[in-house]
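Residue numbers (the numbering used here), protein chains in the order written: chain A, 1 to 207; chain B, 1 to 207; chain C, 1 to 207; chain D, 1 to 207; chain E, 1 to 207; chain F, 1 to 207; chain G, 1 to 207; chain H, 1 to 207.
Quick caveat, the hints were computed from the structure, so don't treat them as lab data.
Some hints here could point you the wrong way.
[Claimed, not checked] To list a few chain E residues with every Cβ distance to chain C over 10 Å, as calculated:
(1) Tyr6
(2) Asn53
(3) Gln79
(4) Arg106
(5) Lys107
(6) Asn187
[As the list claims (entries may be wrong)] BS3-like mimics (lysine-lysine), calculated; alpha carbons at most 27 Å apart, straight line:
(7) H:Lys4 - F:Lys4
(8) E:Lys146 - A:Lys146
(9) D:Lys4 - B:Lys4
(10) E:Lys4 - D:Lys4
(11) C:Lys146 - D:Lys146
(12) H:Lys107 - G:Lys4
(13) C:Lys108 - C:Lys50
(14) C:Lys108 - B:Lys4
(15) B:Lys108 - D:Lys4
(16) E:Lys146 - B:Lys146
(17) A:Lys108 - A:Lys50
(18) G:Lys102 - G:Lys4
(19) D:Lys108 - D:Lys50
(20) F:Lys146 - H:Lys146
(21) G:Lys146 - E:Lys146
(22) A:Lys4 - F:Lys4
(23) B:Lys107 - D:Lys4
(24) C:Lys4 - E:Lys4
(25) B:Lys4 - C:Lys4
(26) E:Lys146 - F:Lys146
Here the structure is a predicted model, which is why all the values come from computation and not from measurement.
The beta-carbon is built from N, C-alpha and C at its ideal position, and this holds for glycine as well.
8 protein chains.
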Amino acid sequence: MNSKRYSEFLTTDNAVLTMIDHQTGLMVALGDEHPTVLKNNILGLVNTAKAINLPTVVTASLPEGPNGPVMPEIVDILQTEVIEREGQINAWDSEAYRNAIKATGRKKIIMAGIVTDVCLLFPALSAIEEGYNVYAVIDASGTWNKTVQEVTIQRLTQAGVKVTTWASVLAEIMNDWRSEHGEALGNVLASHTTKYGYVMNSYFAKS
Amino acid sequence: MNSKRYSEFLTTDNAVLTMIDHQTGLMVALGDEHPTVLKNNILGLVNTAKAINLPTVVTASLPEGPNGPVMPEIVDILQTEVIEREGQINAWDSEAYRNAIKATGRKKIIMAGIVTDVCLLFPALSAIEEGYNVYAVIDASGTWNKTVQEVTIQRLTQAGVKVTTWASVLAEIMNDWRSEHGEALGNVLASHTTKYGYVMNSYFAKS
Amino acid sequence: MNSKRYSEFLTTDNAVLTMIDHQTGLMVALGDEHPTVLKNNILGLVNTAKAINLPTVVTASLPEGPNGPVMPEIVDILQTEVIEREGQINAWDSEAYRNAIKATGRKKIIMAGIVTDVCLLFPALSAIEEGYNVYAVIDASGTWNKTVQEVTIQRLTQAGVKVTTWASVLAEIMNDWRSEHGEALGNVLASHTTKYGYVMNSYFAKS
Amino acid sequence: MNSKRYSEFLTTDNAVLTMIDHQTGLMVALGDEHPTVLKNNILGLVNTAKAINLPTVVTASLPEGPNGPVMPEIVDILQTEVIEREGQINAWDSEAYRNAIKATGRKKIIMAGIVTDVCLLFPALSAIEEGYNVYAVIDASGTWNKTVQEVTIQRLTQAGVKVTTWASVLAEIMNDWRSEHGEALGNVLASHTTKYGYVMNSYFAKS
Amino acid sequence: MNSKRYSEFLTTDNAVLTMIDHQTGLMVALGDEHPTVLKNNILGLVNTAKAINLPTVVTASLPEGPNGPVMPEIVDILQTEVIEREGQINAWDSEAYRNAIKATGRKKIIMAGIVTDVCLLFPALSAIEEGYNVYAVIDASGTWNKTVQEVTIQRLTQAGVKVTTWASVLAEIMNDWRSEHGEALGNVLASHTTKYGYVMNSYFAKS
Amino acid sequence: MNSKRYSEFLTTDNAVLTMIDHQTGLMVALGDEHPTVLKNNILGLVNTAKAINLPTVVTASLPEGPNGPVMPEIVDILQTEVIEREGQINAWDSEAYRNAIKATGRKKIIMAGIVTDVCLLFPALSAIEEGYNVYAVIDASGTWNKTVQEVTIQRLTQAGVKVTTWASVLAEIMNDWRSEHGEALGNVLASHTTKYGYVMNSYFAKS
Amino acid sequence: MNSKRYSEFLTTDNAVLTMIDHQTGLMVALGDEHPTVLKNNILGLVNTAKAINLPTVVTASLPEGPNGPVMPEIVDILQTEVIEREGQINAWDSEAYRNAIKATGRKKIIMAGIVTDVCLLFPALSAIEEGYNVYAVIDASGTWNKTVQEVTIQRLTQAGVKVTTWASVLAEIMNDWRSEHGEALGNVLASHTTKYGYVMNSYFAKS
Amino acid sequence: MNSKRYSEFLTTDNAVLTMIDHQTGLMVALGDEHPTVLKNNILGLVNTAKAINLPTVVTASLPEGPNGPVMPEIVDILQTEVIEREGQINAWDSEAYRNAIKATGRKKIIMAGIVTDVCLLFPALSAIEEGYNVYAVIDASGTWNKTVQEVTIQRLTQAGVKVTTWASVLAEIMNDWRSEHGEALGNVLASHTTKYGYVMNSYFAKS
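Chain A with its partners taken away, still in its complex shape:
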C-alpha cells in the first residue's frame, strides 16, 4: 500500500454505502453510545446518501426472528429493498450481498454495521482482501460497550481499513459548498449536528 491509499477521497462517483444489520432487536442491545445519539448519526449517514443518490446496499440477518426488522427510518429514507440473509453472519458470505456491492462498480465502500465487532468488522476484512477501499463508519455503527468499540477500531486499522465518522463522510463527499449537492448536504449536516443546526436557526432568524 502506498501512502496515496490513505489520501484519496470519496466522491459521488466512486463510493457505495452499505448498512448492515441495523435491526431494532439488535439496536436495543447496544451500549457504546447513547441510543438517541447513535440513531441520529445513522439517520445523518443515510440522509447523506439519499441527498446525493449514492448507491446503497441494505442487508439484514434473519429479520423475522428476534433481531427484528431494519430500523423503519432507514427503509423509508433509502426506499431500497433489504437483502435478507438466511444465516450468514458475515454479509460478504452472502452471494446476493456481494453481487449487489459489485454491481455498483465502485471500489470505495462506506460501511456501517450493528454490531461493530461482528457485522461491520467481518465484511470490512473480507472486502479489504478483495481490494476494496473500506471506510468503516464507527459512529453510525454500535456495539456492546466502549471497550469493544476501541478494540475493534484497532483491528480494523491494523488490517488497512479507514475508520471514519458520518459527518466526515458527508464532508468528504460534498467537497465544496458550491457543488451540485452542496445545499442538500448542508441541510443534512445542519439537521443532524444538533448545535450546528441551532447556529443556522440563529443566523437565519436574524437575516
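Fit chains B, C, D, E, F, G and H to the supplied structure of chain A, relying on the hints for placement.
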C-alpha cells in the same frame, strides 16, 4: 409542608407547562448533556403537553439579540405565542408572564428553562414562595456543565421544588394506559425514548 | 418524623419485598447501569428474599404487550404469581397490588422498579403517604440514564423515602452472621458481589 | 427557617463577596475540576463583583509560606488588600476577617474558598450560625477530587447554606438586562462563558 | 435539631475516631475509588488521630475468616487492640464496641467503615439515635461502586449524619496552624495530599 | 505480512483457546472493568469453546499460593486439567504449556490472560514470534486499570497480534446461524450479552 | 518512510503554522473538550507562533455566513490576513491557501482545524501526499465528540501524519531554555498551562 | 524492523532505567492521572530497578528554578546522582546524559518522563533513531490531561517505541518467580499494586 406535598400527582387538570428561554443562541452554549439528547428530551416534554392539550406558557429573553429565537420546533408543536421579555432575567418578574401562568388557574407548574441555574432556578424559587407546587424538569433544561446541574438540583430541592424528568412527567400525567390520552402519550414516549421505540418496532413487526 | 424513623432496621419479620415491572421489554431500554451489573443486582435482591422466605409481591404492566414478561429468573426464584395490571402505571393504583402488600401486615416495604422515575417513584410516594416506611432499592431498579437516576434519588429522599441498595438490604436483614439465615444470606452475598465471591474461593481453596 | 429564606434574591445592595485562600500554592493541589476551567470561573466571579462595585473581602492563610500568594489576577481586579491570617484555618476565627464582613453591613455572603471542604465549609457554617445567609459558590472553589466536592455540597446544604455557581450569582444580581449594571455584567458573562462569548462574536460580526 | 448542630466543630477534646472493618479480605472487593487512593485516605485519617492522640476504637468482623485481618498499617499506626466481633454486622450491636465508644466520654464520633453501605451506615444510624453527633468519613470508607456510595450519602444525610472527608476532619480538628498539634497535623496533610506534599518539597528545597 | 493475515477467519478447525492465570487471588486485584462484567465475559468465552468442543489449554501460576485457584467456573465448564506452572511468568516459557498448544496442531490461538499486561502480553508476543496467529481477547482479560489496558492494546497491535473480544470470537467461529453449532452458540450469545438475552425472552414469550 | 521521519524535530526554521476554520459559528458546535480548555489551547498554540515569528497561514470557510468570523483573538495575536475560501471544504483545494503554504518554503506543517474530522483531516491527508511532514495539533482542534476525535486520530496516524499537542509543539521548537526564544516561549507555556503558571507565581513571589 | 523487535524481552542484563524530570514543580501541574496513583507507580518502577540493581540514569531540568528538585523519594531509593541539565529540553541533547546511557552498554532503555509529551517523547524519538529499543513507561510518566497522553501514545507507537507500564516492566524482567530476584520483585509488586498487597496480607495472616 406535610409529606403529602411530595406525594400529590400531576393530572391533566391541575398542571401548566412553561418553557423558559429555550433559545438557539443559548442552547449552543450548554454543556451538561449531549445536545442531541437534550433536544430529544425537550421535544418529548413539549409533545407530552400537546398530546393532552395542557396549557402552556412559552417565554423568551430578548430574542432579537444574540440569544436568538425560541427553538422553532417548540413553537411549531405548541402553536402558541412567545411572551418576549424586554430584560427581566427571572421570568416571574414579567407581569405578562406571571399573568399567563395565573390565568390558567393551575397550581402545579411543570417548568423547564435554559439555563438551569438561572432561567429555571429563579422563577422556580419565586413560584414556590407564592405557593405554587413546582416541578423542575432537569433533563429538558440545560446548563454550562454537569457540576452546575448538580449544584442547582441541590438548591432547588432545598427550597421545596420537586426535581423531575420529562418521561416521569409524562407517566405521572398519563396515570393509566387506558386513560383518554393513553395512546397519544404512549406514542410520545416511544418516539422519544429511543430504545423503547425500537421495542415497539420489533413488537409490531412481529404482530 | 422523628430521627428514629431513619434508624429503625429491617428484619425478617417487619418487611415485604416488591418487584415492580422488571419486564424484559422495559429492561432493554435502560441506560443508567451496565445491564449485566443490573441483572446481577436484581438477582441478588430476589435471592435475598428467597433465602429468608420474605413475603414478596411481584407485578407487571401489560406483559402481553411490548413490555414483555417479567424476567424469567425472578419468577423462577420467587415461585410467586405475577399481579398483572391492566393499565395502571402506579402499581399502588391497583387494588390487587395494594391488597397484596397490605395482606402481609408489614409496614416496611423494600421496593424496586423499572423504570426508577416512574414504576419505583410513584408507588413509593403513595406508600409513604399511607404511612409505610419505604426502602427504594436504587441499584436493583433502572432507568434511562444516570441523570434521571440522580434526579429521582433527590425526589425520593425529599419525600421521606429511604434510598438503599441490594447488598445493604441483605446486610440490614441478616443482622448477625450467626443468625438463623446467616449462612444462606452469606452465600447470596458471595454469589452476587463478584470479588467477595473470589475472596471466598481463595479462602476455601486454601483451607 | 421559612421557605422564603430560600427564595430571597441577591442584589447589589444586600451582598458581600469574600474570596478565601485562593493561593497559588494551594491551587496546584486541586483535582475536582480542570484547572483552566476553575481559573476562568474564579475570574468570572471576581469580575462580577468588580463590575458592580460589590464590597469584597479577600483573605489568605500564611501567604509567605508554601501556600503562596493570592492569585495575582484576583488582587489586580479587585484592587483590595488581603487580610493575611497568621494561623486560623477557619477565616471566621480571625477577628480582622469577621470585622471586615460585618463592616459591610450586609447579611448575604457570597463565599468561595480553596479548599472547598475546609476554607469554604468552615466559615460558611460559622456564618450561618450567626444568622448570615450564605451562598457557597461551588464552581469558584476547588478541592482534592470530585468526591470531596460532592460530600461537601451535602454538608453545606444540610446546614442551610445555599450552594450556587458563579454565573448564577451574576444573573441573580443583574436581575434585568436593562439595569444600571446590565451591560457591564453582560460583558463579564460573555467573557467567561466561552461559548456564549462566541455567540456574541458571531452576532456582532454580522451586525 | 437546631442549625447549631451542624456548625459545631470537632476538637481534640470532643471526638473519638472509630475504624470499622477495614479488613484486607473486604478491601479487595471495593470499587468506588482507586484502591491506592483509598488506602492513602485511610492512612491520612489514622495518622491524624495518632498525631493528636485522639481516642480510637478499631473493630473487625470475623477476622479469622475470609474477611481477613485489619489492614496491618492501621494496627501499626494506632497501636491499639482490635475489638473482634463474633457475628454482629452492625458494630453498635456489640456491647464491647459500644462500651469502648462510651468509655471515651465523647459525643462526636468520627466514623469510617468498610463497606460504606453496611459497616459505616448501620452504626452511624444507631449512634445518631442515641444522641451522638456522627461524622461519616466517606473517602476513608469504601464500597462496591460509585452508585452505592451516592445512595448511602443520601441516606446518611437524611438521618442527620454529617458526611465528611479525611482532610476536612484533620483541618477541623487542627483549627489553627499555631496550635499545639499544628506542625504534626501539617505533616500528615502534606504526606497524604500528594500534590500539597510536592508544594512543600519545592518550597523547602528553595529555602 | 500480507493483508490476508488480518482477514483470515477463525473456524472450529483452526483454533485453540487458552486461558492463562484466571485465578481468584489475581482477579480481585483488577480494575479496568466492572468485576461482574468481566466474569460474564470470561464465562461467555469459555462457554463458546465448550459449545463447539474447541481444544483448550488452561494454565495457572502457583495456584497453591496467594494467586489462588483458577476460577472454579472455568474448570467446571471446560472439564480440563490445569497446567500448573512452578514459577514461569510467561506461560510460553513452560514446556508443558507450549507442548499442549502445539499438540493441538492449530496455528490460531485465542488467548486471554490475567493480567493483560503480563500474562496475556508476554505469551502473545512469544507465540507471534513462532509464527502463530494470535487473537488477544481483551474483554476476557483484565488488568490494574484502564490506562494499562489501553497501553497494552497498542503494544499487542504493534507486534502484529489481533486484538478482539469474546463475542466477536464467538461470531467469527459460528460463521452461519445454520451451521452445526449455530443453535448452541446462539444460546451462549444470548446468555452472556444480557440485553440480547432479554430480546430473546420477549420474542419467545410472544410466540 | 524510514524511522527518521518520525524523529526529526520542529525548529523555528523548518515549520509553518496553519490555523484552519477556527470560526465562532463552528466553535459553539464542538463537544470533545471543555470549550474554555480548547480556547486556552488554541491561544497557547497561536502565541507560540507569535513568540518566534513563525510563518502562519490562517483560513476560513465562508465567514460571512453562519460559520462566522475567525476567533477575534487569533487575528489579533497573529496580525495576519485570513484567506477566505468561497466553498472548498478541504483548504488544500484552495489555490490561494496552497500557495501561501508553499511560499513559506517550509516542509513541516503544524496544522490545527475545526472540525478535526474534516477541516484538519482532509488537508493533512493532502499535504502528506505531496510530501509534507504534517503535525496535527489535536488539542488545538475540536470536533463533535470524543469518539470522533479518537477515530480521526487513528485515520491520521494510519496515513503517516504525526499527531501532537500544542505544548509539545512549543517545547519541540524551543529546544533549549537558553535559546533565543527561550524566555518568550517559557512565558507562553506558563500562561496557558494553568497550574505551571501558578508554580511560577509561587516561585517568584518567594524570590 | 522484523517482528522479533517487538517480542524480545527485557532482562536484568540488557536494560537501563532512566527517569527524566520527575521534579516536584512539574508534578503538581499534571492532570492525566490521580497524583497519588502516579506517585505510587513511579515508586513501583524505581523500586523495581533498585531490587535488581539495574543501572539507572536520573536527570533534571533546571532544578534550582520553578521546576524544583527531583522527587526526594526517587533520589533516596536509587542513591544516584542527578544529571542537571542547564537548558536542554530533550535530555538526549545533553552530552552528559547521553554518555551516561551509553556507558551502561545496554541497548534497551526503560524510560519515564514528566511531561510525557515532551520529556519522555523527545528522548524516546532520539534514542530510537540511534538504534535503541525504547520502552516508554506511560503510567510512570505524566502530562497535562488524558487527551495529551492518548495522542503521545500514538506518536510513540508510530515511531517504533514500545509503550508499556511499570508492573509490566517488573514482570518482564522478573521472568520467573524462582529467579534470583523473584522474591524481591514480588515484594515490590505487592507493595505497589494495592489490592494484590491485600491478597498477600490475607494469605499470610491465615498461614
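_When the structure is checked against the list of hints, which entries are broken? Sort them ascending._
No hint contradicted; all consistent.
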